[in-house]
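Undergrad: Position 154 (the sequence shown) corresponds to 154 in my numbering; numbering is contiguous.
Source of the hints: derived by calculation from the structure; they are not laboratory data. Just so we're clear, the structure is a prediction, and the values are computed from it rather than from any experiment. Don't take every hint at face value.
Simulated pairs of lysine-lysine, BS3-like, Cα-Cα distance not exceeding 27 Å [as the list claims (entries may be wrong)]:
(1) K159 x K61
(2) K134 x K159
(3) K26 x K61
(4) K26 x K64
(5) K64 x K3
(6) K26 x K68
(7) K59 x K161
(8) K102 x K64
(9) K120 x K59
(10) K73 x K161
The calculated label-pair distances, taken between Cβ atoms and stated as ranges, are [said to hold, decoys possible]:
(11) T41 x I5: 20 to 30 Å
(12) I11 x P88: 41 to 51 Å
(13) F19 x Q162: 33 to 43 Å
(14) S23 x K159: 14 to 24 Å
(15) F130 x M45: 48 to 58 Å
(16) F19 x P122: 35 to 45 Å
(17) G9 x I50: 25 to 35 Å
(18) F130 x T33: 48 to 58 Å
(19) I34 x I5: 16 to 26 Å
(20) K59 x L22: 29 to 39 Å
(21) F42 x K2: 53 to 63 Å
(22) K134 x K59: 39 to 49 Å
(23) K2 x T37: 48 to 58 Å
Backbone N, C-alpha and C fix where the C-beta goes; we use that ideal spot for every residue, glycine too.
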Amino acid sequence: MKKYIFFIGFILFVVCSYFFQLSVGKEIGYNFTIFFTEMITFLPMMFILIGLFDVWFPKEKVVKHIGKDTGIKGTLWVILLAMLQAGPLYGAFPVAYLLWKKGSSIRNIFIYLGAFSTLKIPMLAFEIGFLGLKFSLLRSLITLPVFILIAALMEADLKNKQFELQQP
């Protein structure tokens, strides 16, 4: 019961907001419903695709293309993978976990997460439409090297620490 106290408090707040006509609580409830519905409709398909990826792509191929010793080729592969995917950022974390499990380098996982958050083709299309091609190219040319640098620094920091992911 103790671990559900926050959730119960949230539900009580939203319900009381409808009774006492609190617009803030109503808006919070509405936004929660929208985001929850989006997540419930998106996640099952995402997990099916991740399961198929897990079965269809052998570990040897992942290690060969985006493993520890792949260099710039591996970086380009994860950037391409990130750009071709669609969906919210929380959809990238299961893929990142699967890439780690299959033998991808830490650097490439961090690059994947950074590229996923900023370089997805659908997002770039909207950005170009609203802010222009010049802005989009400039922002991409600035953020991509920053993500690659951060990934290299994270890899260097975690390399000698026997970093391992815990199985859920």
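Undergrad: All hints are to be evaluated individually against the structure, with a verdict given for each.
TA: Consistency of the hints with the structure:
{"no.": "1", "hint": "K159 x K61", "result": "22 Å, holds"}
{"no.": "2", "hint": "K134 x K159", "result": "38 Å, violated"}
{"no.": "3", "hint": "K26 x K61", "result": "50 Å, violated"}
{"no.": "4", "hint": "K26 x K64", "result": "52 Å, violated"}
{"no.": "5", "hint": "K64 x K3", "result": "43 Å, violated"}
{"no.": "6", "hint": "K26 x K68", "result": "49 Å, violated"}
{"no.": "7", "hint": "K59 x K161", "result": "23 Å, holds"}
{"no.": "8", "hint": "K102 x K64", "result": "11 Å, holds"}
{"no.": "9", "hint": "K120 x K59", "result": "25 Å, holds"}
{"no.": "10", "hint": "K73 x K161", "result": "26 Å, holds"}
{"no.": "11", "hint": "T41 x I5: 20 to 30 Å", "result": "28 Å, holds"}
{"no.": "12", "hint": "I11 x P88: 41 to 51 Å", "result": "23 Å, violated"}
{"no.": "13", "hint": "F19 x Q162: 33 to 43 Å", "result": "54 Å, violated"}
{"no.": "14", "hint": "S23 x K159: 14 to 24 Å", "result": "51 Å, violated"}
{"no.": "15", "hint": "F130 x M45: 48 to 58 Å", "result": "27 Å, violated"}
{"no.": "16", "hint": "F19 x P122: 35 to 45 Å", "result": "40 Å, holds"}
{"no.": "17", "hint": "G9 x I50: 25 to 35 Å", "result": "33 Å, holds"}
{"no.": "18", "hint": "F130 x T33: 48 to 58 Å", "result": "27 Å, violated"}
{"no.": "19", "hint": "I34 x I5: 16 to 26 Å", "result": "25 Å, holds"}
{"no.": "20", "hint": "K59 x L22: 29 to 39 Å", "result": "53 Å, violated"}
{"no.": "21", "hint": "F42 x K2: 53 to 63 Å", "result": "30 Å, violated"}
{"no.": "22", "hint": "K134 x K59: 39 to 49 Å", "result": "42 Å, holds"}
{"no.": "23", "hint": "K2 x T37: 48 to 58 Å", "result": "28 Å, violated"}
Checked against the numbered hints given earlier, this structure breaks hints 2, 3, 4, 5, 6, 12, 13, 14, 15, 18, 20, 21 and 23; the rest are met.
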